[in-house]
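Number of protein chains: 2
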Amino acid sequence: MQKERPVILITNDDGITSPGIRALVEAVKDLAQVIVVAPDSPQSGMGHAITIGDPLRLNKVDVFEGIDSWQCSGTPADCVKLARDKILHRKPDLCLSGINHGANHSINVIYSGTMSAAMEAAIEGVPSIGFSLLDYKFDADFTVAKQVAHDLAKRMLANPMPEHILLNVNIPITTVANFKGMKICRQAYAKWAEEFEHRVDPRGKDYYWMTGKFMNMDKETGTDVEALNEGYASVVPIKIDFTDYTMKTWLEDNWNL
Amino acid sequence: MQKERPVILITNDDGITSPGIRALVEAVKDLAQVIVVAPDSPQSGMGHAITIGDPLRLNKVDVFEGIDSWQCSGTPADCVKLARDKILHRKPDLCLSGINHGANHSINVIYSGTMSAAMEAAIEGVPSIGFSLLDYKFDADFTVAKQVAHDLAKRMLANPMPEHILLNVNIPITTVANFKGMKICRQAYAKWAEEFEHRVDPRGKDYYWMTGKFMNMDKETGTDVEALNEGYASVVPIKIDFTDYTMKTWLEDNWNL
Chain V
442 MQKERPVILI
452 TNDDGITSPG
462 IRALVEAVKD
472 LAQVIVVAPD
482 SPQSGMGHAI
492 TIGDPLRLNK
502 VDVFEGIDSW
512 QCSGTPADCV
522 KLARDKILHR
532 KPDLCLSGIN
542 HGANHSINVI
552 YSGTMSAAME
562 AAIEGVPSIG
572 FSLLDYKFDA
582 DFTVAKQVAH
592 DLAKRMLANP
602 MPEHILLNVN
612 IPITTVANFK
622 GMKICRQAYA
632 KWAEEFEHRV
642 DPRGKDYYWM
652 TGKFMNMDKE
662 TGTDVEALNE
672 GYASVVPIKI
682 DFTDYTMKTW
692 LEDNWNL
Chain U
442 MQKERPVILI
452 TNDDGITSPG
462 IRALVEAVKD
472 LAQVIVVAPD
482 SPQSGMGHAI
492 TIGDPLRLNK
502 VDVFEGIDSW
512 QCSGTPADCV
522 KLARDKILHR
532 KPDLCLSGIN
542 HGANHSINVI
552 YSGTMSAAME
562 AAIEGVPSIG
572 FSLLDYKFDA
582 DFTVAKQVAH
592 DLAKRMLANP
602 MPEHILLNVN
612 IPITTVANFK
622 GMKICRQAYA
632 KWAEEFEHRV
642 DPRGKDYYWM
652 TGKFMNMDKE
662 TGTDVEALNE
672 GYASVVPIKI
682 DFTDYTMKTW
692 LEDNWNL
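Protein chains in written order, with the working numbering: chain V, 442 to 698; chain U, 442 to 698.
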């Protein structure tokens, strides 16, 4: 008797028509039954937003040959929730998000719509990975990223990690020949130094554009930023329990609440 | 020579006109110079969204007597960024977010706009606390919550915690007489079991409303949900490094990347 094919749910935050999600579908479609549920428009910087005050639309589309696909009016996290509840009616065996056009290493795990979809799956107990390529261009070369996605998806299907842990995977801009391989890392401490650009609209009213410079404040070794600078793809295991247990003990000992 | 008064930045996700932010301003205005920069409309469920594809508006308003206040068209995280860059031109000494109308314990730290503002401050190295009252009602009684906010803000100003740690504080629905006090806790493992309600619009097209039932999956002791059920306010220290170090070691030992 043949074992049932595993199901991979694919989503992203750049929208269902982005080249990155197409690359991800192509990379893993030989491993499982793939279904796609992705936003109908770009959702970058949406963090872990969910849609509670507006109705959601979900429409079947024909975007990837031979792959059942739906576009959704909501956020990446909404897509994962809707896919489970209204399309699959069960948990997928693996959830993959991306491949994002642009980096989501270090602190970007907090701002990233790509990672929020993977995190939503992890909350639900579904093994998940978010993939991001350090190239913002529309026509970025996803060759190395596809290779990484195929390798990790295969590992996760064969040997799932414990529940409620996800992987944040970033891939450097490189060629197959120059690619150094993958490295397990920790999240670098970094931040965005915002500089809001002030402008005046045609009616004389002020407005601001958010701009920012990425700053790696982490001088220690073993970070995702370091691995990427050295030409490796960074693989960071992320947990959904944000409690600082060291600080918890300190507060218990010192605050006498 | 008198020491300069500390500066407290207050924001929220329910919007600048909500009773909860007014309660927070009243609770701490004797402790410091308070300034308010808050969304001009409700932002619940925005997670850590930031506004990168749209311009931001920031307008001075007269909402709280004797308190400099601005309303912003962006998300809670945008408010914190803009306040630092365009209003204060320096870090505040403390950032307080809330008081949210409704719970943000356990997994809600991920979805909450209230907590994302506090997290944004922590990324920036500003001590911060997010406050939420377990009462969704507009006319909720904030008496106990104000008492908690005053106590914790005073502690944080006198003795700041290490950088990049924030507090997630939830307050039960109770009276001053029945209030059990505060308890240091860990984040409970919980999730939302979504059930999307299907409807058909007047033009015959499908749409969905997200509904959901909160499920506490955590049977162990020491959680924020447990403390709240017992009548305590829960205080969870949260960190912004999401790396799972136990899993990192396991992957290094087992995956041979």
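Because the hints were derived from the structure by calculation, they are not lab data. Watch out, some of these pointers could steer you wrong.
Simulated pairs of lysine to any residue, SDA-like, Cα-Cα distance not exceeding 25 angstroms [stated by the list, open to error]: (1) Lys646(U) - Asp526(V); (2) Lys624(V) - Phe655(V); (3) Lys646(V) - Asp495(U); (4) Lys680(V) - Lys527(U); (5) Lys689(U) - Lys646(V); (6) Lys689(U) - Gly622(V); (7) Lys532(U) - Asp642(U); (8) Lys654(V) - Asp682(U); (9) Lys501(U) - Leu575(U); (10) Lys527(V) - Phe620(U); (11) Lys646(V) - Asp481(U); (12) Lys621(U) - Gln588(U); (13) Lys501(V) - Lys470(U); (14) Lys527(U) - Arg644(V); (15) Lys689(V) - Asp495(U); (16) Lys654(V) - Asp534(U); (17) Lys527(U) - Ile476(U); (18) Lys689(V) - Met656(U); (19) Lys532(U) - Phe637(V); (20) Lys660(V) - Gln588(U); (21) Lys621(V) - Glu693(U).
So, partial list: chain U residues that the calculated Cβ filter (under 10 angstroms) puts toward chain V [as the list claims (entries may be wrong)]: (22) Pro460; (23) Arg463; (24) Ala464; (25) Lys470; (26) Leu472; (27) Ala473; (28) Val502; (29) Leu523; (30) Val585; (31) Gln588; (32) Asp592; (33) Ile681; (34) Thr684.
Coverage of chain U stretches by chain V, computed from C-beta distances (three or more under 8 angstroms per stretch; other residues unrestricted) [unchecked claim]: (35) 474 to 483; (36) 529 to 543; (37) 572 to 582; (38) 618 to 632.
Cβ coordinates follow ideal geometry from the N, Cα and C atoms, glycine included.
Results of checking the hints against the structure:
With a C-alpha separation of about 19 angstroms, the suggested pairing of Lys646(U) with Asp526(V) holds against the 25 angstroms cut-off. Only pairs whose Cα atoms come within 25 angstroms are accepted, and Lys624(V) paired with Phe655(V) is accepted, the gap being roughly 22 angstroms. A threshold of 25 angstroms between alpha carbons decides the hint, and for Lys646(V) with Asp495(U) the separation of about 15 angstroms falls inside it, so the pair holds. Under the criterion of a C-alpha separation no larger than 25 angstroms, the hint pairing Lys680(V) with Lys527(U) is inconsistent with the structure, at around 34 angstroms.
Taking the CA atoms of Lys689(U) and Lys646(V), the gap is near 50 angstroms; set against the 25 angstroms cutoff, the hint is violated. Between Lys689(U) and Gly622(V) the alpha-carbon distance is near 17 angstroms, which keeps this suggested pair within the 25 angstroms criterion. Between Lys532(U) and Asp642(U), the direct Cα distance comes to roughly 48 angstroms. Violation of the 25 angstroms bound is thereby established for this hinted pair. For the given pair, Lys654(V) sits about 20 angstroms from Asp682(U) by alpha-carbon distance, which is consistent with the 25 angstroms threshold.
Between Lys501(U) and Leu575(U) the alpha-carbon distance is near 30 angstroms, which puts this suggested pair outside the 25 angstroms criterion. Of the pairs offered as hints, the one joining Lys527(V) and Phe620(U) is violated, with about 42 angstroms between alpha carbons and a cut-off of 25 angstroms exceeded. Between Lys646(V) and Asp481(U) the alpha-carbon distance is near 16 angstroms, which keeps this suggested pair within the 25 angstroms criterion. As the CA atoms of Lys621(U) and Gln588(U) are separated by approximately 12 angstroms, the hinted pair is consistent with the 25 angstroms bound.
The hinted pair formed by Lys501(V) and Lys470(U) fails the criterion: a straight-line CA distance of about 53 angstroms is larger than 25 angstroms. A distance of roughly 21 angstroms separates the Cα atoms of Lys527(U) and Arg644(V); the hinted pair therefore holds under the 25 angstroms criterion. Using a Cα cut-off of 25 angstroms, the hinted pair Lys689(V) and Asp495(U) is violated, with the two alpha carbons roughly 39 angstroms apart. In summary, the hint linking Lys654(V) to Asp534(U) is supported, as the alpha carbons are separated by about 23 angstroms, within the 25 angstroms threshold.
For the proposed pair Lys527(U) and Ile476(U), the alpha carbon gap of about 13 angstroms is at most 25 angstroms, so the pair holds. With a C-alpha separation of about 24 angstroms, the suggested pair Lys689(V) and Met656(U) falls inside the 25 angstroms cut-off, and the hint holds. Taking the CA atoms of Lys532(U) and Phe637(V), the gap is about 16 angstroms. The hint holds against a cut of 25 angstroms. A distance of roughly 41 angstroms separates the Cα atoms of Lys660(V) and Gln588(U); the hinted pair therefore is violated under the 25 angstroms criterion.
Annotation: proposed proximity of Lys621(V) to Glu693(U) holds, straight-line Cα distance about 16 angstroms (limit 25 angstroms). Evaluation of the Pro460(U) hint against chain V yields a violated restraint, the C-beta minimum of about 19 angstroms exceeding 10 angstroms. Proximity of Arg463(U) to chain V is violated relative to the hint, the smallest CB-CB distance being about 22 angstroms (cut-off 10 angstroms). Given the 10 angstroms rule on beta carbons, the hint for Ala464(U) is violated: about 21 angstroms separates it from the nearest Cβ of chain V.
With 10 angstroms as the threshold, the beta carbon of Lys470(U) stays out of range of chain V, its nearest partner Cβ sitting at about 23 angstroms, so the hint is violated. This hint is violated: Leu472(U) has a C-beta 17 angstroms from the nearest C-beta of chain V, more than the 10 angstroms allowed. Interface hint at Ala473(U): violated, since its Cβ lies 20 angstroms from the closest Cβ of chain V, which is beyond the 10 angstroms cut-off. This hint is violated: Val502(U) has a C-beta 14 angstroms from the nearest C-beta of chain V, more than the 10 angstroms allowed.
For Leu523(U), the interface hint holds, since its Cβ comes within 10 angstroms of a Cβ in chain V; the closest pair sits about 6 angstroms apart. A cut of 10 angstroms between beta carbons decides the hint on Val585(U): the least distance to chain V is about 14 angstroms, and the hint is violated. Among the interface hints, the one on Gln588(U) is violated; its C-beta lies about 13 angstroms from the nearest C-beta in chain V, farther than the 10 angstroms criterion. Given hint, Asp592(U) at the interface with chain V, holds; its Cβ is 9 angstroms from that chain's nearest Cβ, closer than 10 angstroms.
Contact between Ile681(U) and chain V, as hinted, is supported at the beta carbon level, the nearest pair being about 7 angstroms apart and thus within 10 angstroms. At its closest, the beta carbon of Thr684(U) sits 4 angstroms from a beta carbon of chain V; the interface hint therefore holds under the 10 angstroms criterion. Here's how the segment 474 to 483 of chain U fares: 1 of its residues keep a CB closer than 8 angstroms to some CB of chain V, so the rule of at least three is not met and the hint is violated. A count of 0 residues in the segment 529 to 543 of chain U with a Cβ less than 8 angstroms from any Cβ of chain V is obtained; the coverage claim is therefore unmet, three being the minimum.
Look at the segment 572 to 582 of chain U against chain V: 0 of its residues bring a Cβ nearer than 8 angstroms to a Cβ of that chain, fewer than three, so the hint is violated. Given a C-beta distance limit of less than 8 angstroms, the hint that chain V covers the segment 618 to 632 of chain U holds, as 9 residues qualify and 3 suffice.
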